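Chemist: Based on the sequences and whatever the hints tell you, model everything.
These protein sequences, in sequence, are chains A and B.
Residue 226 in the working numbering sits at position 226 of the first sequence, and the numbers go up by one each step.
Residue 49 in the working numbering sits at position 49 of the second sequence, and the numbers go up by one each step.
FYI, nobody ran anything at the bench for these hints, they're computed from the structure.
Take the hints with a grain of salt, since some may be wrong.
Here are the simulated lysine to aspartate or glutamate pairs, EDC-like style, with alpha carbons at most 20 Å apart [unchecked claim]:
1. Lys234/B with Glu81/A
2. Lys241/A with Glu6/B
3. Lys196/A with Asp237/B
All values reported here derive from a predicted model rather than from experimental measurement.
Each chain, letter by letter, is given below.
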Amino acid sequence: MSYYDIAKECFVDEINLENYIELPGSMVAYEELEMAFDKPFKLMLLYGEPGTGKSLLLSRIYDKKKYQKEIHYIDTPMLDEEEFFRKLFDILIQKPMPKGTKVDFNTFVEFCKVIKGQREIIILLDEAQLYPKKILEQIRILSDAGVLRFVIAVHKTTDEDIIAKSHFQTRIWGTIELKNATPQELKTYIHQKLLKYNQFEIANMLKQKNIDFIYKCTNGNFRSCSKLMYTTFEIYQYYEKHDPSQFNKDKFSQKFLEMAAIATGAINV
Amino acid sequence: MYDIPELEKKWKKYKRNKIKKPIVVSTISIILLAGVGLIATTYLNKNSSDNSSVVKKSNKNTETTSQNSNSNTNLNSNNNQAVKENISKKSNEASIVIEKIDSKGNPLINTKPSSDNEEANIDLSKAVIIKPNVPDDEIRVIGFDNKNNNNSKSDILIPKSSTEEINKREEIANLEDKFKESQDPNDSLEVAKYYYKIKNYKKAETWAVNTNNLDGDIEESWLIFAKARAKQGKRVDAIKVLQTFYDETNSPKAKKLLDKLRKGLPF
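Modeler: Written out as structure tokens, the structure is:
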């Protein structure tokens, strides 16, 4: 594996808890969410622009709390009511729903009332903005029953729609916003990503000028930054194979960074 | 994978545009400034030529009347003075010269001495040093080493904190000299600590290295080295070095600092 192959791998866009970078902003959000778990909330709203780390935060808290609390993480949105019921059945009854069975929604609500006080179930719902209105309404009713508590993660662009619905507004116990990184956080993020893979040389080669450019192009968005870095190392790979004279191995190539920014659409030509 | 040759073409175009932009902006700015300058010059020229015609007219008038009346002569003189104080346009020169004249008609020159001259003219013997409004134990008096001399005005009073700094600096200089012979890591550590405290991170790093070279087990010296390195923007280096130290010693302080460096927190 070449030098730049490994560097590229550092910035693959995937939820990998081993590569979680603790930054001041995300630490605060994590602690807020962790504290909320001990409060009697019905709904918690986690929102932020795409690429600010909502999914990573949910999966991290799930990973940390799964042995302490009855907690479930639904990462892909369920667009179909039947699929949603099947998942609910699985969570509430702790068994898969038998084939060919249909369950009425009211049965779930009644069941929740029966087990109230005996169980407290937290459901982490990612990409909640994609759920149909009907399912969102059912989530609200279920949360009222006092057994199921939901943390719903939505994109910032759509959170207002959800919050605006009065029935949701009164039940949302708290909101946590995840923001883009500050320049300093972005620098730490990039360095840490590289250091996790022992890419000391590349981390050292990155100068403030490069970081400033990355920040300018990505506005501190983690996903955009990873994409930009990934593409930069792809370009490195190409030149390493076809024309190594195009770059200096001791200096981070601003040219490649700019080319990557063009390729990813971060800058327009 | 992207079409890299195509991408490179786009990049070249991007660079060209990037260079073009400031050139275009500065060209426009220069043109605008030149335009403003031209308008201003035209305006001034117009004003001065108006003044000249007034001068000529006024001179003509006074010439005809000066032989008869003293008061008219005075008027002529006043007119001349007023005009000279404004703008006198020399017919054979394109530039406009503005000069002030005194009541006798002599051109005024800047009589204020230059700053260099001013300095040269300060009479130090007459300087009085005012005692700052702080308690006596807060200040130290330095000056003539003559306790019988009651003329305290010739002493220089400086805040005690400054003298402490001076003392410390002297102490460190002595320690540095001493270290050359003693090669005592405690001395070099003391110097490293001092330089770190006064934010001279380069020197702090050098002295921490000196200490580490003599005794690699002094935790404080490694911490100073890492912190000084990080303060100079070499955070990655600092982490590398500190990690090695931590791997060998399991030092909790090193771990704490390592965590802070990794998280980008202040230390």
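Chemist: Each hint: holds or not?
Modeler: The hints, checked one at a time:
no.: 1; hint: Lys234/B with Glu81/A; result: violated (55 Å)
no.: 2; hint: Lys241/A with Glu6/B; result: holds (17 Å)
no.: 3; hint: Lys196/A with Asp237/B; result: holds (15 Å)
Hint compliance for this structure: hint 1 is the single one not met.
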